[in-house]
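Here the protein sequences come in this chain order: H and Z.
Number 22 in the working numbering belongs to position 22 of the first sequence; there are no gaps in the numbering.
Number 136 in the working numbering belongs to position 136 of the second sequence; there are no gaps in the numbering.
Since the hints were derived computationally from the structure, they do not count as laboratory data.
From the three backbone atoms N, C-alpha and C, an ideal C-beta is built for every residue, glycine too.
Just to be clear, a hint being listed does not mean it is correct.
[Stated by the list, open to error] Pairs of lysine-lysine, BS3-like flavour, derived with a Cα cap of 25 Å:
#: 1; chain 1: H; residue 1: Lys27; chain 2: Z; residue 2: Lys31
#: 2; chain 1: Z; residue 1: Lys258; chain 2: Z; residue 2: Lys94
#: 3; chain 1: Z; residue 1: Lys193; chain 2: Z; residue 2: Lys2
#: 4; chain 1: Z; residue 1: Lys258; chain 2: Z; residue 2: Lys31
#: 5; chain 1: Z; residue 1: Lys193; chain 2: Z; residue 2: Lys94
#: 6; chain 1: H; residue 1: Lys27; chain 2: Z; residue 2: Lys219
[Unchecked claim] Between beta-carbon pairs, the in silico distance windows are:
#: 7; chain 1: Z; residue 1: Glu60; chain 2: H; residue 2: Val36; range: 21 to 27 Å
#: 8; chain 1: Z; residue 1: Gly226; chain 2: H; residue 2: Leu26; range: 20 to 26 Å
#: 9; chain 1: Z; residue 1: Asp99; chain 2: H; residue 2: Ala35; range: 23 to 29 Å
[What the hints assert, rightly or not] Just a few of them, taken from the derived set where beta-carbon distance is under 10 Å, the chain H residues facing chain Z:
#: 10; residue: Pro9
#: 11; residue: Ala35
#: 12; residue: Ser43
#: 13; residue: Ala52
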Amino acid sequence: MRIVTHSCPDCGTVVAGNVLERERVLKCPGLDCEAVLRFTDLSESEREHLLANLERYRAE
Amino acid sequence: MKGVVLAGGTGSRLRPITHTGPKQLVPVANKPVIEYAIDDLVEAGITDIGVVLGDKGREEIQAYLGDGSDFGVDITYIVQGEPLGLAHAVGCAKEFVGDDSFVVYLGDDLMREGIVDFVADFDPDEYAAGIGLQRVDEPERYGIVEVDGVPTTDGSGDNQDDEGGDNQDDEGGDNQDDEDGDGRGDVVGLVEKPDDPPSDLALIGIYVFTPAIFEQIEKLEPSWRGELEITEAIQGLIDDGNRIQSHVVHGWWKDTGKPEDVIHANRLVLDDIERDVRGTIEDGADVTGRLELGEGSVVEAGATVRGPVSVGANTTVESGTYIGPYTSIGDDCDVGDVHIESSVVIGESTIRCDRRIVDSVIGRRSTITRNTDKRPEGERLVIGRNSSLEL
C-alpha cells in the first residue's frame with residue numbers, strides 16, 4: 001500500500017498523508033513549530049491516490 | 001544507523017490507566033517505558049531517532065521527550081495518525097531514515113540485556129533485515145519464525161513470563177545447533193500465532209531493517225484486521241531472495257500492554273536496582289533491601305520498607321505504613337497506614353487506609369482513604385470506565 005508522507009519545511013516533522021487528508025489544514029504537530037500544513041502541500045497524484053482509497057487509510 | 005521507536009496504538013488493554021495518557025508513558029520502576037527504549041538505542045550508539053506517534057497521547061509523549069536533548073538524542077517526530085499497523089508506521093519513517101539501516105523498537109517493550117549485540121551483529125551488506133527473537137513456551141500465542149538449520153524447540157523454557165527473568169542465566173541454551181547458541185541462522189519463514197508452530201522462536205518487537213523493507217511495505221495490502229503487517233513485509237523480503245538474520249535476545253523481554261504486564265515488568269526491573277537514597281530516611285524507620293528514594297521524599301519513623309522498592313521524588317511514606325517488595329511509588333504521593341506490595345502507584349496520589357493492597361496499578365491523582373468513621377458503612381467508589389476492583 002502506498003504510504004504518503006509530508007515533512008514540515010520548518011521543523012522536519014513528518015506527517016502521514018492520511019492525517020493531512022483527514023485534517024485538511026493543521027498546525028504542524030512539531031514541537032514549538034508554528035507552520036501550517038495543508039492537504040494541498042501534497043502533490044496532485046498523492047492527493048488523488050489518498051482520495052481514491054479513503055477507506056484503506058482509516059482504521060475501522 | 002538510525003532508530004525508529006513506535007509509539008502509536010490505543011493502549012486499550014491498559015485501560016483505565018490509558019484513558020488519561022499513552023501506554024508508552026506508564027512508568028516501570030518510576031521510569032516511563034518508552035525511556036527504556038531510548039536508553040537502549042543510545043547504549044547501542046544510535047542517537048538519531050524517529051518517534052512514530054499515533055492519535056492517542058501524541059502531545060504527552062512529545063512533552064516528555066521534547067527534542068531528545070535531555071536524553072542525549074536528536075528526535076524527529078513522525079505522525080502516523082490512524083493505527084494502520086506496524087508496517088504502516090515503519091513506512092511513515094521512510095523519509096526520516098533515507099538510505100540508512102535502522103532499528104525498529106516497540107515503545108512499550110522492555111529488554112533486560114538491551115540491543116547492543118543485536119545492532120552490532122547486523123551486517124547490511126549480507127542481510128536485508130534482522131529480527132530479534134526469543135524462545136517461548138506457547139508459540140501458538142506469538143508470531144513465530146522458522147530459522148534455517150535450527151531445531152524446532154530446545155526445551156529450555158525461555159520466555160517472557162519467567163518469574164524474575166529466569167532466562168537471563170540461560171547462557172548458550174537458545175540454539176542447540178549454533179556454534180555460540182545465539183540463533184544466527186537465516187529466517188526462512190514467518191507465521192502469526194500458528195496452530196502448528198515451526199519453532200518456538202517468537203518475534204519480540206525489535207527489528208533492524210535496510211531501506212529494502214520500504215519496497216515490500218508498498219506491496220502490502222491491509223490484512224483481515226485492516227492493518228499493514230510487518231511480518232508480511234519481512235516475508236516479502238524472503239520471497240524475493242533476501243537474507244534475514246535471526247538474533248536470539250538473551251535476558252527477559254516484556255511487553256507492557258496489560259496491567260499485569262506492568263506489574264510483572266516492574267518486578268523484573270526492580271530486581272536489578274541498586275540502593276540510591278536521595279531523600280530522607282528518618283531515625284526509627286525500618287528499611288531493609290534495596291531502595292531507590294527520590295529527592296525530597298521521606299520515609300518517616302515508624303514506617304517499614306522491604307526492598308526492592310522504588311519511591312519517586314517528593315513522596316512521603318508515613319509512620320505505620322508498610323511498603324513491601326516489588327513496589328514502585330511515583331512522585332508527589334502521600335502513603336499512610338497502608339500495607340502495599342508488588343504494586344505500581346503512578347504518582348500524585350494519596351493512599352491512607354488500613355488495608356492491604358497487592359498486585360495493583362494505581363493511576364495518577366488517585367485517592368484511597370479509610371472509611372471506618374463514615375456512616376452508613378460500606379465501600380465508597382468513584383470508578384471510571386474499564387476499571388477493575390477486587391473487594
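Against the structure, the hints:
no., hint, in the structure
1, H:Lys27 x Z:Lys31, "31 Å, violated"
2, Z:Lys258 x Z:Lys94, "30 Å, violated"
3, Z:Lys193 x Z:Lys2, "30 Å, violated"
4, Z:Lys258 x Z:Lys31, "17 Å, holds"
5, Z:Lys193 x Z:Lys94, "28 Å, violated"
6, H:Lys27 x Z:Lys219, "32 Å, violated"
7, Z:Glu60 x H:Val36: 21 to 27 Å, "23 Å, holds"
8, Z:Gly226 x H:Leu26: 20 to 26 Å, "24 Å, holds"
9, Z:Asp99 x H:Ala35: 23 to 29 Å, "26 Å, holds"
10, Pro9, "12 Å, violated"
11, Ala35, "13 Å, violated"
12, Ser43, "14 Å, violated"
13, Ala52, "15 Å, violated"
Checked against the numbered hints above, the structure violates hints 1, 2, 3, 5, 6, 10, 11, 12, 13; every other hint is satisfied.
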